[in-house]
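Number of protein chains: 4
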Amino acid sequence: MVQFSDIAAQLEGQSIELPSWAFGNSGTRFRVFGTPGTARNPEEKIADAAQVNKYTGLSPKVAIHIPWDKVDDYAALGAYANDLGVELGTVNSNTFQDEDYKFGSLTSSNPAVRQKAIDHHFECIDIMHATGSKDLKIWLADGTNYPGQDDIRGRQDRLAESLQTIYDRIGSDQRLVLEYKFFEPAFYHTDVPDWGTSYAQVAALGERALVCLDTGHHAPGTNIEFIVAQLLRLGKLGSFDFNSRFYADDDLIVGAADPFQLFRILYEVIRGGGYGPDSVVAFMLDQCHNIEAKIAGQMRSVLNVQEMTARALLVDRQALTAAQESNDVLGANAVLMDAFYTDVRGPLASWRESRGLPADPIAAFQASGYQEKISAERVGAQASWGA
Amino acid sequence: MVQFSDIAAQLEGQSIELPSWAFGNSGTRFRVFGTPGTARNPEEKIADAAQVNKYTGLSPKVAIHIPWDKVDDYAALGAYANDLGVELGTVNSNTFQDEDYKFGSLTSSNPAVRQKAIDHHFECIDIMHATGSKDLKIWLADGTNYPGQDDIRGRQDRLAESLQTIYDRIGSDQRLVLEYKFFEPAFYHTDVPDWGTSYAQVAALGERALVCLDTGHHAPGTNIEFIVAQLLRLGKLGSFDFNSRFYADDDLIVGAADPFQLFRILYEVIRGGGYGPDSVVAFMLDQCHNIEAKIAGQMRSVLNVQEMTARALLVDRQALTAAQESNDVLGANAVLMDAFYTDVRGPLASWRESRGLPADPIAAFQASGYQEKISAERVGAQASWGA
Amino acid sequence: MVQFSDIAAQLEGQSIELPSWAFGNSGTRFRVFGTPGTARNPEEKIADAAQVNKYTGLSPKVAIHIPWDKVDDYAALGAYANDLGVELGTVNSNTFQDEDYKFGSLTSSNPAVRQKAIDHHFECIDIMHATGSKDLKIWLADGTNYPGQDDIRGRQDRLAESLQTIYDRIGSDQRLVLEYKFFEPAFYHTDVPDWGTSYAQVAALGERALVCLDTGHHAPGTNIEFIVAQLLRLGKLGSFDFNSRFYADDDLIVGAADPFQLFRILYEVIRGGGYGPDSVVAFMLDQCHNIEAKIAGQMRSVLNVQEMTARALLVDRQALTAAQESNDVLGANAVLMDAFYTDVRGPLASWRESRGLPADPIAAFQASGYQEKISAERVGAQASWGA
Amino acid sequence: MVQFSDIAAQLEGQSIELPSWAFGNSGTRFRVFGTPGTARNPEEKIADAAQVNKYTGLSPKVAIHIPWDKVDDYAALGAYANDLGVELGTVNSNTFQDEDYKFGSLTSSNPAVRQKAIDHHFECIDIMHATGSKDLKIWLADGTNYPGQDDIRGRQDRLAESLQTIYDRIGSDQRLVLEYKFFEPAFYHTDVPDWGTSYAQVAALGERALVCLDTGHHAPGTNIEFIVAQLLRLGKLGSFDFNSRFYADDDLIVGAADPFQLFRILYEVIRGGGYGPDSVVAFMLDQCHNIEAKIAGQMRSVLNVQEMTARALLVDRQALTAAQESNDVLGANAVLMDAFYTDVRGPLASWRESRGLPADPIAAFQASGYQEKISAERVGAQASWGA
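Residue numbers (the numbering used here), protein chains in the order written: chain A, 55 to 441; chain B, 55 to 441; chain C, 55 to 441; chain D, 55 to 441.
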């Protein structure tokens, strides 16, 4: 039996990067609802993100999104973040909100549009140099809505060429991570729809090109932990975008829809060497708090990842292997479930307190008056996906 | 063998109602792209809809959406439509774009919000009296995003009560049609997610309450034609919202994603008495032309329905029944497929010309210069889902 | 906060009926693997089922399947069961394993086949009288593989007629429960594919006709707890067939694939009055232990239901309602998750011991030597779905 | 506009390999129904397959399955086939019907089981040398039913090693094609679940290892033509297993469930150079005629592929490219749909007659009396998946 005390040390240093855009408003095509106190600019998003880290100790980095988080002085933005105890992380590009990208960006058959999209990534790389960011994350909305609309094969070739041009520009200590997504916003075909495509594309680029796995970007029924195991085996798992979903890319709080799936994913991460100080895998959230409180929502998210990591670390690997090798189906499953069903919340609360963190981070935050303060102070246009 | 000449008469009088909102911009949560010439107000939407009818003869009615199509004088709007050769049809309510509805409308646990939503439907009924519309269509965005967020059972009871209040208000020659949808914008539970729920709710209301079937609102793999057959059997199929999808509620052009499915649906409509002068089933489009031309897109849509109706009418029912009753699986399937594979486009073009319509409605429209004219003339804010 | 001691009394009398066929071999179309010690006849299946009840106290009833469990003397079979501490429960009919049913049974267009299927149900009712069974469970494999193969609407009408004939035959203290299933073994259409169809059919029959919900029989993404809430609201939830699935009708151990879903289902059962001494809902397993130990597999299953029932009972309903009514999305969700994450295994072990049951039923069974004994003793043809 | 006469020459030499097992009985886990006249042994299966080729001219090869088609003298079997106008094709291995493979074959943690599975493939390679077969097709049933049951990552590594051993044994003019499948018979994880895994595995083996794409082996909603385009681009599409499905791996007649999908797939095949004399892609059926006539069912299948190939060849590539490059969404889609809706059945019938084949192959076969003859003559045990 593995005890919490056996695994506590492995919880040190866990870091789950926060997306700046989670602190702006988001919604569906039907409506973007507002929430009192929502951040109005990059600085306020970072300030809110810093609150999450202050109470949980789990999120020392904030990912930014260009152009949503465009500022004149990135060094100043970085210093501002540092003052609040966090640093700027992954830079996310955006090639889906400009009229020019209506029919594609890096895959466009129009060379001018393609160049514009490439230039945007060059700008992101410049920002990375200014902020000290290590990862350039590319998620493409590119795709088509109708059969025949464009040439699937030609787009794939143009994508390869565009990516190569961008990859050649990143610094020797920087990485390019390519995210895949099953569908949306394109409804017939998506240019990077599955891990196989992302893998084939980054494998052609070079060592510092890797795959980003968003847990909400798969076909119904897909075994995500299998993909985790496979990408780790192939040495190409670069990062996670965590969230959860019941239907499509719902972008709900990670662990909210299927906690057991999150557990299985984290178990395979650990099993495959993707967790810990030697791992190259970056962990990040990518969520939308459409109707719930945003700062508390992000806290709930990183705590879910922490709690489930603890459970996954509790798996008695020796007993598991023994049961597996003797084809004891029920016995092996029982070893895994025993860890999943273990309530780690009490030990984690004590562990937090021993590190000067509140036992209950969300309650501590809610008692702090921060939310009330920003709800009162922040008047005027709130940030959203558009800005 | 059934010939086109045998079924031509049955094509007379076919009517597919157009949604006014198809002529405004639409998009995804990521971006709403503009299209040159997009209508800016209800009048321009109706004018565009009238073009579809002018060239196809298939769409004499235009459904409106409140508040998107709110005007001061509905009688004047109706007269405007009549002048253009069309009339106003179904009135669609909207309880998903007001901050008050963030957590529900007709199902809200807040009596004030519920009353507001009911009052909105009363307003819609008043408009129906002014426009002479027969159908009040209710699609609810109500639902929750997280398990536990609200009480599923309590919401269902409140929904029943709200619907009863609305139903009691409609005129004796008016109908209430309740649409169901699998998911979106709610991501954990939807209050009217399936035909069973819609059926149970309208059955409790009375004779003039019926189900609206949107072809894009089902779980993956759902056999939609079975639902058509069942609802016709139960006497509760009120109307269709036609569109097509590959993944979720993609709202693509009807017949674009799976033409054979559209054929099967229309076959069951005909088989079950849902087509023709004696049918109470209303046919309507509900689509989004996010990236393609809108007027031509609507033309393509109604033509797809017409062409597939012709194919479905061509099914040799006598031969089919004979093969079915002798359990000749391949033979029965072949009778159906023979009709589906018959190219009706030539005969339909002749049929159109014999009625003073252009053989190729889309080409005729494109040659008319209308699109270029509106693209040049319509400057300023284009209509979209929000207005 | 609700404590285990607050809900312990409600665990008394929980009963999860076992399917006799879970103790025979099962498999896929590719292979049915054997397992040492598998029962060879109805008596041995019942003896194995009695072991589950002996160690868990949770399964005093065994459902039988006709003709798989056909015997000459049902009174003797019942007495044999009683001697082992269990009784015979639901009678399951079978209209899918006879050449005559190749193209349908209760829905067949051939009157002779339909009568044969009806007669089979009459036989099942006779057996129910002999065994004292209360429920006749009908799951139909009826459907078609190809569009056009048969007339969907006509089959539905014939189904209604066949069911009425059967319903008229059941005793005044007996019930007919109609199970629905999304697909398999039919691959184009299934005659009872969803809860709506099952509901419409049983509603037409009368008060003692109800719906059976098999947790593995839905389209991907279906919110099953919603259906539970709806059927309880409509007064038509008759019984459960518990199991779990990742893809289709996988028939895995209940709670194995998505424990949180099982929790949500049981919460809605409790919320809607479907649990406890006054409930009319029957709980049953319907699983296949294709590769794992069968008796221990059934134990794991009923324990999963018991553990998750305890968690669902632990939900602080008062706190939940308060959070729901104030639209505190995160707070309401947290109340639910708190119960789900509470480790009830220790308290349940003590509770069991206080009732003379082993703290760890599976370990106790495995230590008993029963499995080794039957593995050694039972030579010859093992029971399977075919016999 | 492309005319039939423009593409007729490209239809020459089209070959769709038939699976010997399609002429034996098949079914679901619920029941394998018999069909009069079903073949009883490899010779009769080949004789039936030869009928398909005799009337359609489309299927000069018959794939065999070991051990189902095991004979003492493969040279004699090949000669027998040649006498009937066909030849033996792909050799399919089977590692799912032996008790030893209950927990895996090429992925087993048991070295003895693994070696047995490897040896089986060596035997298949020996048979290939005897029959002159070029392709060894490996579809693995390997996987697990419960989380934790076995080590996903370890199995993947063992799979790589096993495949390497097999690959090293094939002749220099032989190929290994690795099929992937989403799920079934394993219900939690499958060792080769997607094209990405198959691609990564065969890419590691060498040039003569390729991917086999079975059109029924994907998650719901998967865009299969995208995978076709991608694999052709990567030079790794080895072969097709054609069939169709509404839900899971239904193994229905190709083109029966979604003819438009088949059209899109064939269009991408042609677009990517996968069709014609220079292509290395092998086309094969893999279907189950559970309830319909088998020989006629195979005829329907190859004719469906031929008809849809003709439609795909009819696409006006020049017009399509022009519309695509000008982002004319509706125009480009219309070019594609025009080809799909063109009724090629008449021209194909004439084309067949000009080659000495019957205009209506199925009718000609049915008029030949062959089916009646075998139904009368073939008494005794029919072949099925088990033998």
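The hints are simulated quantities; they were obtained by calculation from the structure and are not laboratory data. Ideal placement from N, C-alpha and C gives every residue a C-beta, glycine not left out. Treat the hints loosely; a few may be bogus.
Stated by the list, open to error - 25 Å max Cα-Cα, derived DSS-like pairs, lysine-lysine: (1) D:K290 - A:K290; (2) A:K188 - A:K170; (3) B:K156 - A:K427; (4) D:K290 - C:K427; (5) B:K156 - B:K170; (6) D:K427 - C:K156; (7) B:K290 - C:K427.
As the list claims (entries may be wrong) - Covered stretches of chain C (in silico footprint by chain D; criterion: 3 or more residues with CB under 8 Å from a CB of chain D, positions within the stretch not fixed): (8) 198 to 205; (9) 297 to 304.
Against the structure, test the hints numbered earlier, and report the numbers of the ones violated in rising order.
Per hint list: 4, 7 violated.
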